[in-house]
Structures are given as C-alpha cells and as structure tokens.
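Student: Sequence:
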Amino acid sequence: MALVREVRWGMAAAWILAVALMVVLAILRVPSREAGPEVCIVSLDGFEMVVALAEMKRLRALSRPGSYENQFGNWRDEGRYTGVLLADLIGEEVEYGAVLLVAADGYRIEVARSRLEDPGYPMIVAYAFDGVEIPAWRDGPRIAVLPEDGGVSNEEYGVLSAGSFWVKNVTEIHLLP
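Under the numbering used here, the residues of the sequence shown are numbered 981 to 1157, in order.
Because the hints were derived from the structure by calculation, they are not lab data. Among these hints, one or two may not hold up.
As the list claims (entries may be wrong) - Below are the SDA-like pairs computed for lysine to any residue, each with C-alpha atoms no more than 20 Å apart in a straight line:
| # | residue 1 | residue 2 |
| --- | --- | --- |
| 1 | K1148 | Y1137 |
| 2 | K1148 | D1110 |
| 3 | K1148 | R1044 |
Here the structure is a predicted model, which means the values were calculated and not measured.
Starting from the given sequences, assemble the full structure and let the hints guide the process.
Tutor: This is the structure we're talking about:
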C-alpha cells in the first residue's frame, strides 16, 4: 500500500514538473514587445512586419539637430538625432491615411499621413542620439521631427504640444485608413 502511494506521488510530481517545464519553455519562446532595437509595423489588414535595428540602418539615414517645445513652452531633448524617415520605413506604395504610434509605456498618438510626409518637417524613427545608439540610448527607437533649423515650436507646427509627436521607445506603428 505504501509503495502504491509513493508511485502515485512520484507520478504526480513528474506531471507537475513536466507542466512547469512546458510553461517555462513557452514563456522563453514568446518574442519580447519591450522597447528595443526593433519596431513592429502593422498593416491595414493586420499583417505584422518587425523591423530590426540592423534593417533600419540599411535604409537612407537622416541626421540632424533637433528639439521641440512642450505644452508649457519649454524646449526639450536638444541634440543630434539619427534615424530613418518614417515614410521610408513604411514605404511609398503602401495605402494608409494615418499612423498610430505606440510606445512601450502605452502612450499613443495618431499622426496624419500628410504630416508624416511633410518635407519641411521630416519625421524619423531615430536609433541614435548624439552618437549613442540603441540599446545604449534608452529613449529609442524614438520619433523625432527634424526641420532644417532643428527646432519644432508649437506655433509653427500648429499644435498645443510639438513634444507630443516625439514618441519615446516606439514598439508599434499601426497603419490606419
């Protein structure tokens, strides 16, 4: 009788260990959606394309000084940003009317295609700031708006806060109709 009980406990322990091992393996296989050197672009039909830092760096880069005015009239995050034009990352031939930018912390902002493609205010997915690349640069990938003069004021951009477009740690870019 004691032997039967020991066998049952042994089998139960084996099953528990097997299930725990499967859970651990499943967790390890799930790709991370934390901010890092990649961005997921979600098309209108739900197709996801993950763009890694290495792929971004193969595209034409724009590197300029930049800063923005926040809603309180303060200028922030002045420095030299390097990255790929968001329009180039998405592609010219793709149909969409706007994008929804999603940050690792849950911040979201919708940006019209016309603003995204404005040649006077090029919008980039920055992967470097003052020569420091992600992941060492912890704010990237980051959206930066880089006119030739380097600064984006609320008045000239026609918004309450130009800083609201400078999204840190972008994880997803959803194309919208």
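Student: Next step is simple, just say for each hint if it's right about the structure.
Tutor: Here is how each hint holds up against the structure:
The suggested pairing of K1148 with Y1137 holds, with an alpha-carbon distance near 19 Å, which does not exceed 20 Å. Between K1148 and D1110, the direct Cα distance comes to roughly 15 Å. Compliance with the 20 Å bound is thereby established for this hinted pair. About 17 Å separates the Cα atoms of K1148 and R1044, which keeps this hinted pair within 20 Å; it holds.
The structure shown violates none of the earlier numbered hints.
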